[in-house]
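Full structure from sequences and hints, please.
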Amino acid sequence: MNTISKNNELLFCALGGSGEIGMNVNLYGARGRWMMVDCGVTFADHQYPGIDLVLPDLTFIEDRLEALDGIVITHGHEDHIGALPYLADDLGVPLYATPFTAGLIRHKLEEERIADRIDLRVIQPGERFKVGPFDFEFVPMSHSIPEANALIIDTPAGRVFHTGDWKLDAAPVIGTPASAEELTAIGDKGIDVLVCDSTNVFNAEASGSESEVRTGLLETIAKARGRVLVTTFASNAARLQTLGEVAKETGRALCVAGRSLDRIIKVARACGYLKNLPDTITPDDAMRLPRNQVLVVATGGQGEPRAALARVAEGSHPIKLDAGDTVIFSSKQIPGNEVAIGRIQNLLAGRGVEMVTDRQAHVHVSGHPGRPELAQIYKWLRPRVLVPVHGEMRHLMEQARFGLAQGIPQAIVQTDGDLVRLAPGAPEKIGNAPVGRLVLDGDVILPADGATINERRRLGLHGQVSVAVAVTDRGRLAGTPQVRLQGIPVEEERAAFIAEAEDAAAEAVRTGGRDRDRLREDVRLAVRRCVTRWTGKKPIVDVMLLEI
1 MNTISKNNEL
11 LFCALGGSGE
21 IGMNVNLYGA
31 RGRWMMVDCG
41 VTFADHQYPG
51 IDLVLPDLTF
61 IEDRLEALDG
71 IVITHGHEDH
81 IGALPYLADD
91 LGVPLYATPF
101 TAGLIRHKLE
111 EERIADRIDL
121 RVIQPGERFK
131 VGPFDFEFVP
141 MSHSIPEANA
151 LIIDTPAGRV
161 FHTGDWKLDA
171 APVIGTPASA
181 EELTAIGDKG
191 IDVLVCDSTN
201 VFNAEASGSE
211 SEVRTGLLET
221 IAKARGRVLV
231 TTFASNAARL
241 QTLGEVAKET
251 GRALCVAGRS
261 LDRIIKVARA
271 CGYLKNLPDT
281 ITPDDAMRLP
291 RNQVLVVATG
301 GQGEPRAALA
311 RVAEGSHPIK
321 LDAGDTVIFS
331 SKQIPGNEVA
341 IGRIQNLLAG
351 RGVEMVTDRQ
361 AHVHVSGHPG
371 RPELAQIYKW
381 LRPRVLVPVH
391 GEMRHLMEQA
401 RFGLAQGIPQ
411 AIVQTDGDLV
421 RLAPGAPEKI
431 GNAPVGRLVL
441 DGDVILPADG
451 ATINERRRLG
461 LHGQVSVAVA
471 VTDRGRLAGT
481 PQVRLQGIPV
491 EEERAAFIAE
501 AEDAAAEAVR
511 TGGRDRDRLR
521 EDVRLAVRRC
531 VTRWTGKKPI
541 VDVMLLEI
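Residues 1 to 548 (our numbering) make up the sequence shown, in order.
Note that these hints are calculated values from the structure, not bench results. Misleading hints may appear alongside valid ones.
What the hints assert, rightly or not - Each pair of labels, with its calculated beta carbon distance range:
1) 445 - 538: 27 to 33 Å
2) 339 - 222: 40 to 46 Å
3) 90 - 47: 24 to 30 Å
Unchecked claim - The calculated DSS-like cross-link candidates involving lysine-lysine, where the alpha carbons are at most 25 Å apart (straight line), are:
4) 266 - 248
5) 130 - 223
6) 320 - 223
7) 248 - 275
8) 189 - 379
9) 189 - 223
10) 320 - 248
11) 189 - 130
Backbone N, C-alpha and C define an ideal beta-carbon position, used for all residues, glycine too.
Structure, rendered in structure tokens:
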């Protein structure tokens, strides 16, 4: 497979984020060199027992580290920066990010105690910088986090506009995104390839302005009778600014619950944002105030079990909510989180708490572009080729169709691992890169479908039996076998089952030979057959053979 671009070629390969939402990793190749754009994570579900974070498998570029020149980060969301604390040190290349994003990355690197080993270079919004054969320029865009940027990537073979995550917002609360005139001027200079966010391509309406949410939140909070808790994404500093203003206007003290919120506020203030955010009070102080004088902002709107909202709902957090209090979900429900969010909402409902989501009031706007916004950026930039990213296959296919219908001459749908030649000529898939998932298990990074996780899945599905058998040097049974169970469904008949399993193990030894490996396997099969007769399950059976 040709994986080193020729002098006149521009290559693209997503190692994450194409064909899925989350874990964004994009590679650009020119003149034999590579640059990575973003390096994110996704969050684990029931497929990965005991796992919180899922990381991209970067084998393709790790095998070509001598050709990798750096990593450019578009913005500070976890699905764009979350893998850096675990993978950046091994990659060993400089990171390029604007001040706010760099602040978030630096904090993560410090937590992992590797900040002194990573070359983190701060680039000002709108600043141009050159790395190898690549010329980059950050283009400020609106999104649900400060300093979201698109990238202009100039190469000898072509010019790319990589949107990152974005939306159009005529009245942003924080930051100044590129104007229509500025984006039109970028298009006037010529854009060969538009690599574009596909998340909201099915939305017929534009996402709406962050400033519009203020009215909905103000109306909802003003009529609330008791304590009010608003849960939102910690990274949405503009929403924090809005909630601070609403707290002042409704005569409520502002309390922040969640370490990630504290971190965002600290980094945002260091970068000149949230200067007018009112001073916050502690949860203990909040509980001493009259119920109608408190506004709590908390993490956990996606149902995260260890986040502040989950602990509030369970009654294990210093913030207590009761009948007549209100929880406002000022965030979009991410697909896949329905069960976790439903669990939290059921707990809150059981306490008599009233809940408001974006279905009941205008308390949230998305940070991704709907169809009108996509059509507008196509008009401004006028690319030759459209490459949809940041979406599942249905999102990628729909944006390709929509872009062609809007007059873009060419579109190519690629997914993780597709090696695409973007220029010269028509875009074309020319090969495949190995892709996959890794998991962070404690402090260890493992293959997502490797032996450890597969074994854990089997343990969860079928349970485990441990058998200890003592034999003489002639292979005869010495004493009674011992059986221990985990996760075997014999609760009311446990003692009877264990007795029968121990008899089965003893019989296997009595009828077996002197070969230790064969004897161990005979015992394993005999005990597993016993479990299957009793339960229909085929558990993991571990046999310890002790010679005395």
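Which of the listed hints are broken here? Result: hints 2, 5, 9 break, sorted rising.
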